[in-house]
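S.K.: Take 2 as the starting number for the sequence shown in our numbering and just add one per residue.
Among these hints, one or two may not hold up.
With a cut-off of at most 25 Å between alpha-carbon atoms, the simulated PhoX-like pairs for lysine-lysine come out as follows [said to hold, decoys possible]: (1) K4 / K261; (2) K166 / K3; (3) K3 / K262; (4) K172 / K282; (5) K240 / K261.
Because the hints were derived from the structure by calculation, they are not lab data.
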Amino acid sequence: MKKDTSVHWHRTSAALDLDGKNVAVVGGTGGIGRALSRQMATRGAQVTVVGRTFRDRGMPNIEFVQADLDRMSEAQRVAQTLPAEDLDVLVLTTGIFAAPQRQETPEGLERDMAVSYLSRLVLVRNLAARLGTARPEGAPRPRVFVYGYPGSGQTAHVEDLNFEKDYVSMKAHMSTVAGNEALVLDSAQRYPGLGVFGLNPGLIKTDIRANMLGEGSWKHRAMETAIGWFTPDADTYAKHILPLLFTPDLEHHTGTMFDKKGSAILPSQTMTTAHVRDIIKGSEHLLTRKVPAVRH
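Build out the structure end to end from the sequences listed, making use of the hints.
M.R.: If you want it as structure tokens, here you go:
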């Protein structure tokens with residue numbers, strides 16, 4: 002990954018006070034999303050978390066919206082439920098790894114593509130026009146942070162994003178990686194009133210690989226143990242990256258990607274204008290074919 006030397010931000014030595022901030026974290030019930038949600042809530046932010054199982058009942062400043070985001074209809078419902086007009090920051094962290102054998106959602110979508118990418122596209126499309134519109138005049142631009150692995154040089158299999166013809170698990174997952182990077186770049190152009198950013202956390206010990214290795218299997222436990230030896234856990238990462246989400250230094254930037262340390266990085270060289278366009282058009286076509294009632 003190459004550094005983007007045109008973007009700089011400064012950490013403050015003062016304690017981060019988020020009193021008065023409103024945040025939604027989609028995927029906020031586990032892994033990085035949960036760690037970020039807890040960090041923000043303890044600093045005074047009002048946080049709405051979206052996920053399947055709520056683990057922080059009784060913790061101040063956190064509200065829960067239950068949803069299973071392998072369904073685009075659920076993503077649309079969540080978008081209608083969230084207090085979008087009051088939000089300062091929207092964080093999209095929900096994701097899995099593609100399974101060894103192709104899995105399909107009730108809506109006919111490859112499951113990793115649905116959870117890790119397409120649900121995010123649906124959320125952004127249904128929330129963008131409303132984000133932050135009820136906040137006081139002069140408030141900073143609303144921000145959207147899309148988690149993935151931007152800058153890693155991936156491409157999407159645009160000829161068959163749903164992998165109905167030839168399924169290879171890693172190829173399917175890397176298509177979601179490319180999709181999320183394209184989502185950042187496309188949304189930054191499509192919604193100039195928002196600040197849209199991509200975040201690459203690198204390897205973090207979470208449950209994201211459970212779908213690929215088998216939740217609770219010896220392979221899964223061994224993999225996460227090994228990752229934990231050499232990489233930070235989600236809480237450590239969240240504490241380090243949190244100031245980036247609120248720094249005023251991003252006010253005049255959009256479409257920027259950041260690595261695990263919070264340094265700005267360049268988009269993948271594979272993310273040409275043509276490839277971004279092909280990914281987005283292919284995604285829209287797939288959604289129209291499979292879930293025509295869902296707005297995207």
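S.K.: Would you pick out the hints that fail for this structure and give their numbers low to high?
M.R.: 2
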